[in-house]
Amino acid sequence: MSVATSARSMLVRASRASSIRSLGSLTAVRSKYTLPDLPYDYGALEPHISGQIMEVHYTKHHQTYVNGINDAQEKFAAASTPAEKVALTSLIKFHGGGHVNHSLFWENLSPANKDGGDPPSGALATAINDSWGSLDNFKGKMNTALAGIQGSGWGWLVKDNTTGKLSIITMPNQDPVNTTQFTPLVGIDAWEHAYYLQYKNVKADYFKAIWNVINWKTAEKRFS
Amino acid sequence: MELHHSKHHAAYVANLNKAISSPTSANTQSLIHFNGGGHINHSIFWNNLTPASSPEAAKSAAPTLMQAIEKKFGSFEDFQAKFGAMLLGIQGSGWGWLVLKQGAELDIVTTRDQDIITDGATALIGVDMWEHAYYLQYLNGKAAYVENIWNIINWKYAETRLKGDVQGEFKELKAML
Ligand SMILES: [Fe+2]
Ligand SMILES: [Fe+2]
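These protein sequences, in sequence, are chains A and B.
The C-terminal position of the first sequence is numbered 224 in our numbering, with every residue numbered one higher than the one before it.
The C-terminal position of the second sequence is numbered 177 in our numbering, with every residue numbered one higher than the one before it.
The following block holds chain A by itself, in its conformation from the complex:
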């Protein structure tokens, strides 16, 4: 099961579990979200993303989203009125989105001496060429979209679930991609914490460098 599928099904499970609890018919033990295993070492993406960034990003930032979603869901389950539950939805979206987005992101990356940076092949390569003419042209467009984010957010290469067409979208803060409409293929974290220790304010260099560690094999699996 891909991370995308498992993250989605976790959210589905979570919403189902809470609606059951709200009926008061079941006191199920809800499984807590946990950090997914990182498929490489912290330093394995150097020099493109530093080991320090990876370690803080994974053990601190992602962990905070995991803690946040667990905490919010606990409070949601304990809330007795609809108003209390509604007040928690923004926290659930933020931390749940942060967990989903980062889980997809880690799988998107691979060391440059493994799959990182190897261009896509097959149907995905064809689809990218159809939409943007070339992989380089696509990267340029995606980097422009990333650089244009005003604040914190993410850039995504997505497939439209109805038409199959590819597009580039950006999402603010930790808003997750709407997976009813789109399948996220490649996500790039444009929060300052994703690059600041290494690239400081020169985020354009981060966006250029990250393509050296993008795992297109993951994108191909999500695409098909």
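Calculated from the structure, these hints are not laboratory results.
Even glycine gets a Cβ: it sits at the ideal position worked out from N, Cα and C.
Everything hinted at is true.
Simulated coverage check for chain B against chain A, where a stretch passes if three residues somewhere in it have a Cβ under 8 Å from a Cβ of chain A:
1) 1–9
2) 110–116
3) 130–137
List of simulated lysine-lysine pairs, BS3-like, C-alpha gap at most 30 Å:
4) K174/B - K200/A
5) K142/B - K93/A
6) K7/B - K208/A
Since the structure of chain A is already known, use the hints to place chain B with the ligands on it.
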């Protein structure tokens, strides 16, 4: 501080001037709003800060404001706790503000990204909660950044803003946002 001022603030200024002088792209208005807001917010922010050893960093430099804070929040400590919790609750990039609302009541509010204080309210103190404001020193530990920033707040400047008429600042720019 150096990067924040010489790179980040400078980029807002440069991009604002670019958007104003060559308004060609479809999102010029959004660029002016964002970069103009970034320029205004950072301009207030630098004045909000002062060395911890300076007399302006003492709460006694803002007697009227301290009275108003106690009236609104019960005590300075309650204000600090509420303001801190609000800052740490910002989801993404943004700012936290102590403002004087129309009708002369204090309030604490957040603005997202580089949105500015509007609706006739006056910004008294602004705290930059973008990650670039603290990341090199505090990493993800933004609670420590918030705790420590209290040591370098320029209370004299906040008092001046409370008493003075600062509605006119950045008037032309604000009209363009
Ligand atoms: Fe992140
Ligand atoms: Fe800033």
